[in-house]
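Asks: Now for the letters of each chain:
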Amino acid sequence: KNQVEQSPQSLIILEGKNCTLQCNYTVSPFSNLRWYKQDTGRGPVSLTIMTFSENTKSNGRYTATLDADTKQSSLHITASQLSDSASYICVVSPGGSSYKLIFGSGTRLLVRP
Amino acid sequence: DGGITQSPKYLFRKEGQNVTLSCEQNLNHDAMYWYRQDPGQGLRLIYYSQIVNDFQKGDIAEGYSVSREKKESFPLTVTSAQKNPTAFYLCASSIGAGLRETQYFGPGTRLLVL
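Protein chains in written order, with the working numbering: chain W, 172 to 284; chain H, 747 to 860.
It should be emphasised that the hints constitute simulated quantities derived from the structure, not laboratory data. Mixed in with the good hints, there may be bad ones.
Said to hold, decoys possible - No farther apart than 30 Å at their CA atoms in a straight line, the calculated lysine-lysine pairs in the DSSO-like style are these: (1) W:Lys172 with H:Lys817; (2) H:Lys803 with W:Lys188; (3) H:Lys816 with W:Lys172.
Claimed, not checked - Derived contacts from chain W toward chain H, CB cut-off under 7 Å, selection only: (4) Arg213; (5) Gly214; (6) Ser217.
Using N, Cα and C, we set each Cβ at its ideal position, and we do this for glycine too.
Could you put the whole structure together from the sequences, leaning on the hints where they help?
Replies: Listed below in structure tokens is the structure:
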């Protein structure tokens with residue numbers, strides 16, 4: 172069964188600290204993996220997208236890594252800010268051109284001053 | 747100002763009532779989607795449309811209906827057959843479903859049952 176599992180479910184860190192969020196998937200065949208940021212009560216916004224041949228992608232203070240062999244991805248946030256408080260969702264596209272994405276349940280991050 | 751708009755932001759449904767959620771995009775995207783988001787769960791696909799006048803069921807289409815008469819519009823009707831409609835509904839669009847294409851999301855509509 173195609174699944175995307177994220178950990179931890181929630182995380183609290185102090186402003187200025189770094190953190191890493193994890194994503195494991197069992198989707199096969201695999202096309203690409205995306206990380207989205209979702210503020211409370213808002214729609215998700217894309218942060219990064221990586222195909223099977225890419226193993227790292229950065230977007231400002233956000234760096235995503237992908238290991239297609241172990242089917243794992245991580246999102247590293249550097250020097251966290253209060254505005255980073257949000258849910259971070261890992262999304263996998265199963266093979267070729269697919270309109271049907273597989274969504275993780277997200278990691279809820281709270282950055283405290 | 748380009749993007750996806752959803753209305754209303756909050757919607758209240760009475761027992762046995764059908765309600766329609768609006769989704770409009772001016773990104774000139776061919777594909778549009780409807781998702782449902784429940785607390786602690788990943789987004790689940792209700793319906794999607796690859797092109798005007800065509801749409802397909804997603805994973806949880808029962809109790810919902812859609813139409814795609816115009817490229818920019820993809821309204822979702824929550825029918826009385828949907829017994830547990832309370833959720834956050836998200837509309838999205840994309841150019842297509844290519845290898846590097848991204849789905850862009852609207853701000854969402856929260857549906858509550860009275």
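Asks: Against this structure, judge whether each hint is valid.
Replies: Hints, one by one, checked against the model:
1. Taken as a hint, the Lys172 of chain W and Lys817 of chain H pair is broken in the structure, with Cα atoms around 33 Å apart against an allowance of 30 Å.
2. Between Lys803 of chain H and Lys188 of chain W, the direct Cα distance comes to roughly 43 Å. Violation of the 30 Å bound is thereby established for this hinted pair.
3. Between Lys816 of chain H and Lys172 of chain W the CA atoms are separated by roughly 35 Å; this puts the pair beyond 30 Å, and the hint is violated.
4. The interface hint given for Arg213 of chain W holds, since its Cβ lies 6 Å from the closest Cβ of chain H, which is under the 7 Å cut-off.
5. Contact between Gly214 of chain W and chain H, as hinted, is supported at the beta carbon level, the nearest pair being about 3 Å apart and thus within 7 Å.
6. Restraint check, Ser217 of chain W versus chain H: the minimum CB separation of about 5 Å is within 7 Å; hint holds.
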